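Each chain, letter by letter, is given below.
Protein chains: 2
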Amino acid sequence: MTKYDKLIEAAKKGDQRSLGRLARLIDDNEDGAAQIVGKLYPEGGNAHIVGITGPPGAGKSTLVSALVGEWRKAGRRIGVLAVDPTSPFSGGAVLGDRIRMQEHATDPDVFIRSMATRGHLGGLSRSVLSLITLLDAVGYDTIVLETVGVGQEEVEVKDIAHTTVFVTVPGLGDGIQTMKAGILEIADIYLVNKMDLANAGSAMKDLKSMLLMSGRQKGWAPPVLGAVALEEKGVHELAGAITEHWSFMRGSDGLEQWSSRSAAMSIKVALRQSMEDRVLGVVDGNRDEFNEDVRKVSSREETPASVAGRWLAKLDLK
Amino acid sequence: MTKYDKLIEAAKKGDQRSLGRLARLIDDNEDGAAQIVGKLYPEGGNAHIVGITGPPGAGKSTLVSALVGEWRKAGRRIGVLAVDPTSPFSGGAVLGDRIRMQEHATDPDVFIRSMATRGHLGGLSRSVLSLITLLDAVGYDTIVLETVGVGQEEVEVKDIAHTTVFVTVPGLGDGIQTMKAGILEIADIYLVNKMDLANAGSAMKDLKSMLLMSGRQKGWAPPVLGAVALEEKGVHELAGAITEHWSFMRGSDGLEQWSSRSAAMSIKVALRQSMEDRVLGVVDGNRDEFNEDVRKVSSREETPASVAGRWLAKLDLK
Numbered sequence: 001m002t003k004y005d006k007l008i009e010a011a012k013k014g015d016q017r018s019l020g021r022l023a024r025l026i027d028d029n030e031d032g033a034a035q036i037v038g039k040l041y042p043e044g045g046n047a048h049i050v051g052i053t054g055p056p057g058a059g060k061s062t063l064v065s066a067l068v069g070e071w072r073k074a075g076r077r078i079g080v081l082a083v084d085p086t087s088p089f090s091g092g093a094v095l096g097d098r099i100r101m102q103e104h105a106t107d108p109d110v111f112i113r114s115m116a117t118r119g120h121l122g123g124l125s126r127s128v129l130s131l132i133t134l135l136d137a138v139g140y141d142t143i144v145l146e147t148v149g150v151g152q153e154e155v156e157v158k159d160i161a162h163t164t165v166f167v168t169v170p171g172l173g174d175g176i177q178t179m180k181a182g183i184l185e186i187a188d189i190y191l192v193n194k195m196d197l198a199n200a201g202s203a204m205k206d207l208k209s210m211l212l213m214s215g216r217q218k219g220w221a222p223p224v225l226g227a228v229a230l231e232e233k234g235v236h237e238l239a240g241a242i243t244e245h246w247s248f249m250r251g252s253d254g255l256e257q258w259s260s261r262s263a264a265m266s267i268k269v270a271l272r273q274s275m276e277d278r279v280l281g282v283v284d285g286n287r288d289e290f291n292e293d294v295r296k297v298s299s300r301e302e303t304p305a306s307v308a309g310r311w312l313a314k315l316d317l318k
Numbered sequence: 001m002t003k004y005d006k007l008i009e010a011a012k013k014g015d016q017r018s019l020g021r022l023a024r025l026i027d028d029n030e031d032g033a034a035q036i037v038g039k040l041y042p043e044g045g046n047a048h049i050v051g052i053t054g055p056p057g058a059g060k061s062t063l064v065s066a067l068v069g070e071w072r073k074a075g076r077r078i079g080v081l082a083v084d085p086t087s088p089f090s091g092g093a094v095l096g097d098r099i100r101m102q103e104h105a106t107d108p109d110v111f112i113r114s115m116a117t118r119g120h121l122g123g124l125s126r127s128v129l130s131l132i133t134l135l136d137a138v139g140y141d142t143i144v145l146e147t148v149g150v151g152q153e154e155v156e157v158k159d160i161a162h163t164t165v166f167v168t169v170p171g172l173g174d175g176i177q178t179m180k181a182g183i184l185e186i187a188d189i190y191l192v193n194k195m196d197l198a199n200a201g202s203a204m205k206d207l208k209s210m211l212l213m214s215g216r217q218k219g220w221a222p223p224v225l226g227a228v229a230l231e232e233k234g235v236h237e238l239a240g241a242i243t244e245h246w247s248f249m250r251g252s253d254g255l256e257q258w259s260s261r262s263a264a265m266s267i268k269v270a271l272r273q274s275m276e277d278r279v280l281g282v283v284d285g286n287r288d289e290f291n292e293d294v295r296k297v298s299s300r301e302e303t304p305a306s307v308a309g310r311w312l313a314k315l316d317l318k
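Chains as they are written, first to last, in the working numbering: chain Y, 1 to 318; chain R, 1 to 318.
Please keep in mind that the hints were generated in silico from the structure rather than gathered at the bench. Nothing here was measured: the structure is a model prediction, and the numbers come from that model. One thing to keep in mind: the hints can contain errors.
Identical copies look the same in the list; a pair holds intra-copy or inter-copy alike.
[What the hints assert, rightly or not] Listed below are the simulated DSBU-like cross-link pairs for lysine-lysine, each with C-alpha atoms no more than 35 angstroms apart in a straight line:
#1 K314 with K13
#2 K296 with K39
#3 K296 with K13
#4 K12 with K296
#5 K296 with K3
#6 K314 with K296
#7 K218 with K13
#8 K6 with K205
#9 K314 with K73
#10 K73 with K208
#11 K205 with K218
#12 K233 with K39
#13 K3 with K233
#14 K233 with K205
#15 K3 with K218
#16 K314 with K205
#17 K314 with K39
Take the sequences, apply the hints, and build the full model.
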């Protein structure tokens with residue numbers, strides 16, 4: 001039994017410290033990371049992955065916190081991954097928000113991890129996917145991925161999450177917010193938060209009519225819900241809709257389709273990251289030469305593409 | 001003289017149609033694209049590149065439109081690249097905004113191009129950099145890059161633009177917006193737009209005190225300005241601050257530092273893109289095999305990393 005096996009066994013029994021160590025190894029992409037993920041991968045595929053996406057200021061973290069509370073009542077073990085520089089989970093927000101999260105921070109059946117270094121999924125995708133594999137394999141029932149994604153990422157939240165909730169608020173750019181290219185295509189559930197604000201009713205109405213026009217009524221018809229997450233209003237209904245969507249996915253060919261799409265994305269992420277690692281490794285090992293190339297490009301003696309060509313040759317890439 | 005040389009010559013003389021054709025060739029990454037950029041690269045390095053960044057709904061496009069008007073009074077030729085799915089330039093916004101842009105659409109000395117397929121710079125960086133090279137080389141004096149970036153991108157606006165303006169509005173998440181990791185580090189000028197809204201004064205005050213706390217007063221001390229872009233208020237002052245920053249850059253070692261940082265980024269973008277092209281090429285040429293691998297990952301017989309390893313071997317990467 002390797003030291004990783006021991007950590008995995010302990011994490012499965014609910015030891016948060018072991019789980020935290022595994023998560024750090026994965027996050028830092030330590031030597032053992034690939035080995036850990038390789039061991040865990042076959043055991044995954046059970047958790048329900050829920051993406052919560054939407055613009056900064058929409059109250060996603062407050063909503064996630066309320067959802068976690070709702071799910072905990074049912075005894076579920078919950079993992080939260082926040083890929084959001086503005087998230088209170090990642091320390092990016094005001095004190096009040098951070099305090100609201102504290103209630104779950106001490107719950108051994110809630111694992112929270114923020115990934116604050118980047119605000120988008122693209123650069124973080126390997127870590128996010130590996131951490132999901134970890135939480136899934138050690139027995140977390142629901143894994144929440146909170147992100148500011150606008151449906152225009154290289155790696156989209158809908159390819160990582162089974163169920164995607166798009167959260168918006170009244171008045172946040174109004175039409176502009178909702179008309180964003182892609183927004184109407186990506187989510188399974190739409191939520192207008194802060195329904196106590198003015199124009200909340202018309203924000204919901206607008207969303208509903210735009211969804212109708214977009215023709216997304218075949219198969220799963222995405223509901224438009226309202227909430228005041230801060231007062232936990234509408235959260236029970238949201239949790240219900242999330243469960244309903246998960247049942248729909250499992251009862252139709254939706255899950256299989258998602259599974260293929262998600263696997264293809266995972267392979268491409270792994271490929272892209274491996275190549276990036278190798279390139280950066282070669283650059284790091286030849287710093288002086290790279291700096292000289294930077295000087296040449298900076299002085300316009302050479303183009304970035306011709307320099308890149310030379311470095312690719314160095315990688316012995318055919 | 002190749003057909004590209006002819007297009008380039010015509011574009012230099014102000015022929016928008018030729019410029020548009022070159023831009024499309026670059027955008028679509030046609031075979032000739034690398035050749036065109038290679039020809040143009042040595043002739044660039046003259047334009048002032050201005051990044052306008054900030055959250056959706058901050059009124060960036062209205063501001064850019066007003067800035068273009070201001071610069072046109074001085075006879076400058078302006079290029080606008082909008083990497084923003086919510087930008088009116090890319091058709092993402094409400095009718096009123098789009099109409100406001102029309103005034104520049106017919107001006108032969110204003111070149112506007114939207115890049116609507118992605119909302120972040122990472123995936124678009126090759127096209128953005130190449131289009132900047134094009135506009136720069138054919139004689140555009142100022143190139144504006146409009147983006148929703150939050151200072152957390154793989155490719156940051158500050159490595160593409162000489163001068164970065166961060167635009168926000170009162171009440172848009174208030175503290176949360178401005179406290180975003182990175183925001184206080186990336187911009188050279190901060191602008192609170194929609195100063196006619198409530199709390200505008202305190203939004204400016206907050207920004208100013210946070211900048212003071214962040215200790216960014218050495219060298220260039222980023223000013224905090226106010227504007228009502230829709231009424232063209234504060235736009236003249238913003239244009240003045242942008243010019244002042246450009247003078248500061250050229251009069252200090254700022255430009256040289258920027259130039260090295262930017263060149264290093266350009267090389268890495270070129271490297272990453274070349275590799276991505278090769279990977280996708282190999283995957284496309286072996287579709288059946290890739291689909292079988294997707295099935296294996298989907299059924300958890302194999303991990304994404306082990307599949308990626310096989311494909312890398314196929315690329316003959318050492």
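Inset, instruction - Could you place K233 and K205 in one of the four classes (within, between, both, neither) given a Cα distance threshold of 35 angstroms? - result: So K233 and K205 pass the 35 angstroms test inside a copy (19 angstroms) and across (34 angstroms) alike.
key: Status of K296 relative to K314 across identical chains (alpha carbons, at most 35 angstroms)   = Both. Shortest intra-copy (18 angstroms) and inter-copy (33 angstroms) distances satisfy the 35 angstroms Cα cut-off.
Is it within a copy, between copies, both, or neither that the alpha carbon of K314 lies no farther than 35 angstroms from that of K205?
neither (58 angstroms within a copy, 52 angstroms between copies)
> Quick one: K296 to K13, C-alpha cut-off 35 angstroms, is that within a copy, between copies, both, or neither?
Replying inline: Answer is between; shortest inter-copy Cα gap is 29 angstroms, intra-copy 57 angstroms.
Worksheet item: Quick one: K218 to K13, C-alpha cut-off 35 angstroms, is that within a copy, between copies, both, or neither?
Response: neither (42 angstroms within a copy, 53 angstroms between copies)
Within, between, both or neither: K205, K218 at alpha-carbon 35 angstroms: Answer is within: at 20 angstroms inside a copy they meet the 35 angstroms cutoff, but 50 angstroms across does not.
Within, between, both or neither: how does the pair K73, K208 come out at a Cα-Cα threshold of 35 angstroms?
within (31 angstroms within a copy, 44 angstroms between copies)
| request: Classify it for me, K12 with K296: is the Cα-Cα distance of at most 35 angstroms met within a copy, between copies, both or neither? | output: between (54 angstroms within a copy, 25 angstroms between copies)
**Prompt:** For K296 vs K3, is the C-alpha pair at or below 35 angstroms within one copy, between two copies, both, or neither?
**Reply:** between (48 angstroms within a copy, 28 angstroms between copies)
Q. Within a copy, between copies, both or neither: where do K6 and K205 come within 35 angstroms Cα-Cα?
A. For K6 and K205, the Cα distance exceeds 35 angstroms both inside one copy (53 angstroms) and across copies (53 angstroms).
Handout entry: Homo-oligomer pair classification [K13, K314; C-alpha up to 35 angstroms]
Key = This pair counts as neither: shortest intra-copy Cα distance 47 angstroms, inter-copy 41 angstroms.
* From the Cα coordinates, with 35 angstroms as the cut-off, is the pair K296 and K39 best called within, between, both, or neither? -> between (46 angstroms within a copy, 16 angstroms between copies)
Violated hints, in rising order: 1, 7, 8, 9, 12, 13, 15, 16; the structure is consistent with all others.
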